[in-house]
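Based on the hints, put chain B in the right spot on chain A.
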Amino acid sequence: MSFQDLESGRGRSTRKFNGGRQDSTQAVASGIFQINTGVSTFQRLVNTLGTPKDTPELREKLHKTRLHIGQLVKDTSAKLKEASETDHQSGVNPSKKIADAKLARDFQAVLKEFQKAQQTAAERETTYTPFVPQSALPSSYTAGEVDKVPEQRAQLQESKRQELVLLDNEIAFNEAVIEEREQGIQEIHQQIGEVNEIFKDLAVLVNDQGVMIDDIGTHIDNSRAATSQGKSQLVQAAKTQKSNSSLTCLLLVIFGIVLLIVIIVLAA
Amino acid sequence: MAILYALVARGTVVLSEFTATSTNASTIAKQILEKVPGDNDSNVSYSQDRYVFHVKRTDGLTVLCMAEETAGRRIPFAFLEDIHQRFVRTYGRAVHTALAYAMNEEFSRVLSQQIDYYSNDPNADRINRIKGEMNQVRGVMIENIDKVLDRGERLELLVDKTANMQGNTFRFRKQARRFRSNVWWRNCKLTVLLILLLLVIIYIAVAFLCHGPTLPSCI
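Chains as they are written, first to last, in the UniProt record's numbering: chain A, 1 to 268; chain B, 1 to 219.
Everything labelled a hint here was simulated from the structure, so no lab data went into it.
This structure is a prediction, so every number in the text was calculated from the model and none was measured.
Don't take every hint at face value.
What the hints assert, rightly or not - Derived SDA-like pairs: lysine to any residue, alpha-carbon spacing no greater than 20 Å straight-line:
hint : chain 1 : residue 1 : chain 2 : residue 2
1    : A       : K61       : A       : A109
2    : B       : K131      : B       : D121
3    : A       : K61       : A       : T127
4    : A       : K112      : A       : Q43
5    : A       : K242      : B       : F179
6    : B       : K161      : A       : D221
7    : A       : K81       : A       : A109
8    : B       : K174      : A       : K61
9    : A       : K239      : B       : D41
10   : A       : K160      : B       : D41
11   : B       : K147      : A       : A203
12   : A       : K242      : B       : V183
13   : A       : K242      : B       : W184
14   : B       : K174      : A       : S232
15   : B       : K174      : B       : T162
16   : B       : K189      : A       : S245
So that you can see chain A by itself, here it is in the shape it has in the complex (with noise of 0.2 Å):
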């Protein structure tokens, strides 16, 4: 109910815009989508077939949810059929043709798993026997209460008197078993909540424990920052101090030259 009227809601809106191009299209769509629902309800019924659940009503809901079904195969397939007819006119949307075809492959997918199921209700039906309730039963218990006598009326009395007395022995029973329980699931329960806080204990630790590897990690960047620049600065060191040498040798040459030069004068 609720889907015819979004379904409708969906046509009214959509024909304003589409100009009721897309219309078929979204028909054969929810068309589909309501024939894969009934083919799930069918087989739903089916699988009850055999079982103790297996009753006359079951039987007649099987047969409306078939006559259901193929209306709604007979409905999508002229939508399906306008739809087609639409696509080899000019001028059609090459994505719609795409999304008929695809609607075209999904509606005989559907048909395939409807008629599967229609044969295996078949079989089932003709295999197995509704389950008829024994309604004879309770026209007896009707006749008996018409016969009562006021002795048997004292023996009901002391019957549910003594039916009283079971069912007061049962629920105590049953209070105690349920106390126990209650008792069992209250330490689980105080058990989980110890987990809890100790799961909280840890976050508390690991999250002091991720400053720390803040600090190491500011550590280590100054350390390699300050070992670069160190770096560079030795290998300017390293540059002038081959400078240097060159300028002592260069000295020291000179130096000789000039002593040399002042011997040769004074040996004259």
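For chain B alone, coordinates are given in the frame of chain A:
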């Protein structure tokens, strides 16, 4: 061992029984069979010293067991229900016409197995199994807490070591900068010395060519 003794009876006729320990349970059980009131279905428990006798009667068949007081009621009555179903499934309508101890040879083994199952197996009771699992979870979580604390201690050590490393690298950078400065100054001094030496040589040469220290010919 939670359940110590079990029997199956029709009225006061014992059909099968099993005792896990040597006690006087059999005698007391037979007295209880005679004492249980009425003929309708019932569930009752009788206390005797540290033990409790649980009795379940269904469809004319009575199942009885003796359990420790600490076993509660849920497990013994689940045991009774199980035994009743197995007995009825195995012997069917023969229950109502059997002689005393007719099924004892076969069924006492079943009683023994089920007594062991309901006494020792945690799966016999869902609540107990969940309790056991929660205990395991709690143990694992406590172990996790210990491991995380140990990890915390190591992380503290690591923080200290990385702080030391940071200090050392800062010192290294400072000394590297100082070393570079020293080397640069030495380079500067050598350059200046070289320039002075060259100037002196040029002066001497020019003085020699100009015939005097005051350069009279050139000026």
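20 Å limit on alpha-carbon distance, applied to hinted pair K160 (chain A) and D41 (chain B): 15 Å, holds
field: Pair hint outcome, K174 (chain B) versus T162 (chain B) [Cα-Cα no greater than 20 Å]
entry: 18 Å, holds
query: Quick one, are K161 (chain B) and D221 (chain A) close enough, alpha carbons at most 20 Å?
result: Holds - the C-alpha atoms of D221 (chain A) and K161 (chain B) are around 14 Å apart, at most 20 Å.
- request: Sort out whether D41 (chain B) lies within 20 Å of K239 (chain A), counting only the CA atoms.
  value: 107 Å, violated
message: K61 (chain A) and T127 (chain A) were given as a pair; does the straight-line alpha-carbon distance stay at or below 20 Å?
response: 18 Å, holds
query: Between K147 (chain B) and A203 (chain A), does the CA-CA distance stay at or below 20 Å?
result: 13 Å, holds
- prompt: Is the straight-line distance between the alpha-carbon of K242 (chain A) and that of V183 (chain B) 20 Å or less?
  reply: 10 Å, holds
query: Taking only the CA atoms, is the gap from K112 (chain A) to Q43 (chain A) under or equal to 20 Å?
result: Roughly 13 Å between the alpha carbons, so the hint for K112 (chain A) and Q43 (chain A) holds.
message: So if I understand the rule, the pair passes when the alpha-carbon distance is 20 Å or less; does K242 (chain A) with W184 (chain B) pass?
response: Between K242 (chain A) and W184 (chain B) the Cα gap is close to 11 Å, so the pair holds against 20 Å.
message: Hint check: K174 (chain B) vs S232 (chain A), CA-CA at most 20 Å. Holds or violated?
response: Holds: K174 (chain B) and S232 (chain A) sit about 12 Å apart, inside 20 Å.
query: Is it true that the CA of K189 (chain B) sits at most 20 Å from the CA of S245 (chain A)?
result: Holds: K189 (chain B) and S245 (chain A) sit about 12 Å apart, inside 20 Å.
- request: Sort out whether K61 (chain A) lies within 20 Å of K174 (chain B), counting only the CA atoms.
  value: Roughly 95 Å separates the two Cα atoms, so the pair is violated.
The structure does not agree with the numbered hints 1, 8 and 9 stated previously, though it agrees with the rest.
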